[in-house]
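Got chain A sorted already, so can you dock chain B onto it with the hints?
Those sequence lines, one after another, are chains A and B.
If you're matching positions, the first sequence starts at 1118 in the working numbering and goes up one per residue.
If you're matching positions, the second sequence starts at 1118 in the working numbering and goes up one per residue.
To be clear, the hints were calculated from the coordinates, so they are not data collected in a lab.
A virtual CB, placed ideally from N, CA and C, is assigned to each residue, including glycine.
One thing to keep in mind: the hints can contain errors.
On the chain A side, residues computed to face chain B include the following (Cβ under 7 Å) [what the hints assert, rightly or not]:
| hint | residue |
| --- | --- |
| 1 | Met1132 |
| 2 | His1177 |
| 3 | Leu1198 |
| 4 | Asp1294 |
| 5 | Gly1315 |
Heads up, simulated PhoX-like pairs for lysine-lysine below, C-alpha to C-alpha not over 20 Å straight-line [as the list claims (entries may be wrong)]:
| hint | chain 1 | residue 1 | chain 2 | residue 2 |
| --- | --- | --- | --- | --- |
| 6 | A | Lys1142 | B | Lys1314 |
| 7 | A | Lys1136 | A | Lys1124 |
| 8 | A | Lys1235 | A | Lys1288 |
| 9 | B | Lys1136 | A | Lys1311 |
| 10 | B | Lys1138 | A | Lys1303 |
| 11 | B | Lys1303 | A | Lys1314 |
| 12 | B | Lys1288 | A | Lys1136 |
| 13 | B | Lys1303 | A | Lys1287 |
| 14 | B | Lys1288 | A | Lys1303 |
| 15 | B | Lys1136 | B | Lys1124 |
| 16 | A | Lys1303 | B | Lys1142 |
| 17 | B | Lys1311 | A | Lys1311 |
So these bits of chain A aren't anywhere near chain B, every CB distance computed over 12 Å [as the list claims (entries may be wrong)]:
| hint | residue |
| --- | --- |
| 18 | Arg1127 |
| 19 | Gln1232 |
| 20 | Gly1233 |
| 21 | Leu1260 |
Number of protein chains: 2
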Amino acid sequence: MTDLERKNERHQARMQRLKEKVDAKINAAAEERGIVIVVTGNGKGKSTSGFGTVARAIGHGLTAAVVQFIKGTWACGERNLLEQHGCQFHVMATGFTWETQNRQADIDAAERVWQGAKKLLQDESIDLVLLDELTYMLSYDYLDLDEVLDAIVNRPINQHVVVTGRGAHKKLLEIADTVSEVQSVKHAFEAGVKAQKGVDW
Amino acid sequence: MTDLERKNERHQARMQRLKEKVDAKINAAAEERGIVIVVTGNGKGKSTSGFGTVARAIGHGLTAAVVQFIKGTWACGERNLLEQHGCQFHVMATGFTWETQNRQADIDAAERVWQGAKKLLQDESIDLVLLDELTYMLSYDYLDLDEVLDAIVNRPINQHVVVTGRGAHKKLLEIADTVSEVQSVKHAFEAGVKAQKGVDW
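Just chain A, same shape as in the assembly:
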């Protein structure tokens, strides 16, 4: 037997063992229901991941809706694309808190958008709701934590919810099924590269 044949044989044995493990896990995971996914952390790609999930769901013929807290005064490439496919958008459209500099106006805007979100979280015809940048509304106390948690927990049983934003509240992590934390290792912006259409917004 040559070295290469031995290498290929070891590879096959290793992959066979891996397959057995993966298959056992797949068989153990039998429950089907709507899940809550939280994408948090300081790195780039949280909203992007949320929108990617929406694109995936819509690509499969599911219905999806997006509620965007904070952002919304910039052009948004995802919105251009997803609205064409029937994805509803509710957008706070105030810009970042350091642009508005007005706490009460921010709270009023957050509350208006949240009313839209609550309706979606009671609507069985919506398969996936993205609550983009919701975490900030909770850390700034713009929305009532218990009311938000209640609405998410009591949504239709097969509805999926994706929440994005830095610093997700501990209680939000508790009710989540899947939590990913995105860490920034490095960022082009910090190296002097401008935020660019198509990749950054």
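Chain B in isolation, oriented as in the chain A frame:
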């Protein structure tokens, strides 16, 4: 002055200082060029983030192409959606390495898909190339590291590249402009929830 007024005033002062910092950073970041984004780590949402970036780019009228290593035997919601908008797909379509269990067949398939990727990385008409799950091809030694790095570094100056997958090679991180690491905090699958259409694939 009431407590609330004081709170609002402090908020405004804090946000004013934050705005000055943000604006200074935005002014310092003046360079416009294609960037390399690497999304790595063990958490869920790396490919999703890559596909979100593709959706964003296409939503802005940019041209994008997707090269999918490993995956491709499952239905893929993003593909259904993005192909309708002119996004090219090159798919390895062998399934996971633990499904094929055949190292030489995997290498041949990786090499075929890589030839498509190389052409895209020389094509000025493509604004964004997603190299989904490329990292595994390098950690398994299925593709030549130097050849891959060369092709990425020497791409058209305005082309963006997104690379996803666990365990990104150190040299890939070095040539990247933006690196995010997705950590898994918890995952529904581990708690017995089946991978579901629209959120997991």
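Is it true that the CA of Lys1288(B) sits at most 20 Å from the CA of Lys1136(A)? violated (30 Å)
Between the alpha carbons of Lys1303(B) and Lys1287(A), is the straight-line distance 20 Å or under? holds (13 Å)
Quick check on Leu1198(A) please, does its C-beta sit within 7 Å of some C-beta on chain B? holds (4 Å)
Would the pair Lys1138(B) and Lys1303(A) pass a check requiring their Cα atoms to be no farther apart than 20 Å? holds (19 Å)
Assess, step by step, whether the Cα of Lys1142(A) is no farther than 20 Å from the Cα of Lys1314(B), and give holds or violated. This hinted pair holds, its Cα atoms lying about 17 Å apart.
Quick one, are Lys1311(B) and Lys1311(A) close enough, alpha carbons at most 20 Å? violated (41 Å)
With the threshold set at 20 Å, check whether the alpha-carbon distance from Lys1136(B) to Lys1311(A) stays at or below it. Answer holds: Lys1136(B) to Lys1311(A) is near 17 Å, not above 20 Å.
Should the interface hint for His1177(A) be scored as holding, given a Cβ-Cβ cut-off of 7 Å against chain B? holds (4 Å)
What's the verdict on Lys1136(A) and Lys1124(A), does the C-alpha distance respect the 20 Å limit or exceed it? Holds, at roughly 18 Å.
Would you mind confirming whether the straight-line C-alpha gap from Lys1303(A) to Lys1142(B) stays at or under 20 Å? The hint holds at about 15 Å.
Using Cβ atoms and 12 Å as the threshold, tell me whether Arg1127(A) really stays out of contact range of chain B. violated (9 Å)
Given the proposed pairing of Lys1288(B) with Lys1303(A), does the C-alpha separation stay at or below 20 Å? With Cα atoms ~14 Å apart, Lys1288(B) and Lys1303(A) stay inside 20 Å; holds.
When held up to the earlier numbered hints, the structure conflicts with 11, 12, 17, 18 and fits the remainder.
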